[in-house]
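Protein sequence lines correspond, in order, to chains U and W. First residue of the first sequence? That's 6 in our numbering, and the numbers climb one at a time after it. First residue of the second sequence? That's 2 in our numbering, and the numbers climb one at a time after it.
Hints in this document: simulated from the structure, not taken from any laboratory. Hints are all accurate, no fakes.
Result set (DSBU-like, lysine-lysine): computed pairs, CA atoms no more than 35 Å apart in a straight line:
1) W:K113 - W:K65
2) W:K39 - U:K83
3) W:K37 - U:K29
4) W:K52 - U:K29
5) W:K65 - U:K29
6) W:K106 - W:K28
7) W:K69 - W:K57
8) W:K28 - W:K39
9) U:K83 - W:K109
The following label-pair restraints were derived from C-beta to C-beta distances:
10) W:Q81 - U:E67: 36 to 46 Å
11) W:E60 - U:P89: 34 to 44 Å
12) W:K113 - U:K73: 39 to 49 Å
13) W:D67 - U:D68: 36 to 46 Å
14) W:Q71 - U:R46: 16 to 26 Å
15) U:Q22 - W:D67: 44 to 54 Å
16) W:Y31 - U:E49: 16 to 26 Å
17) U:N57 - W:P114: 44 to 54 Å
Every residue, glycine too, gets a C-beta built ideally from N, C-alpha and C.
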Amino acid sequence: DAGVIQSPRHEVTEMGQEVTLRCKPISGHNSLFWYRQTMMRGLELLIYFNNNVPIDDSGMPEDRFSAKMPNASFSTLKIQPSEPRDSAVYFCASSFAGRGQYFGPGTRLTVL
Amino acid sequence: SQELEQSPQSLIVQEGKNLTINCTSSKTLYGLYWYKQKYGEGLIFLMMLQKGGEEKSHEKITAKLDEKKQQSSLHITASQPSHAGIYLCGADRNGGSQGNLIFGKGTKLSVKP
Chain U
6 DAGVIQSPRH EVTEMGQEVT LRCKPISGHN SLFWYRQTMM RGLELLIYFN
56 NNVPIDDSGM PEDRFSAKMP NASFSTLKIQ PSEPRDSAVY FCASSFAGRG
106 QYFGPGTRLT VL
Chain W
2 SQELEQSPQS LIVQEGKNLT INCTSSKTLY GLYWYKQKYG EGLIFLMMLQ
52 KGGEEKSHEK ITAKLDEKKQ QSSLHITASQ PSHAGIYLCG ADRNGGSQGN
102 LIFGKGTKLS VKP
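Here chain U stands alone, though its shape is the one from the complex (with noise of 0.2 Å):
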């Protein structure tokens, strides 16, 4: 089993550019998470998906972020425009019937 995959590992832009950041589950799950992780703040919920909807958003900064999960197997978060404040680590997780979440490699995000 490959895990968890996201893609990019990392990413450097510029404020004000668009950053989408993608995911794809551990086939047969059906729950997938995003999370964001800072020093300051740690480990923060942004959304979740149960069976491709989303169940809850309410983690999501500000409506400059966006996810979206087409189908069971790929997932995007996307920041448009990005800010510096949105540097951190983004990971995607998937579970299945909530028997612990997977975590992938993560995103490393740095925003200029």
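For chain U, the structure is supplied; the task is to place chain W on it using the hints.
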């Protein structure tokens, strides 16, 4: 809202020593998860506890959930440099069972050879 507090925040131990990390919840825990993270990498799932008094072990790591289901501990026996990293506890948010977790801030473990 539910919060998870981990202690200590950081820990430095000599190789071969035992250690314990604690995770305390402000509300009853319905599912408690332990993860390990190495710098710059994703979280690795270690164990999940659900029942009061439950205890699970994997190699030299043992996790327990107290009877009242508000505190969990992670114990490492005879620590090794490979145990170094950040340990995070996570819990089902508001008693849910969909794997929607909140996390503690983590405990940074360093093991001196």
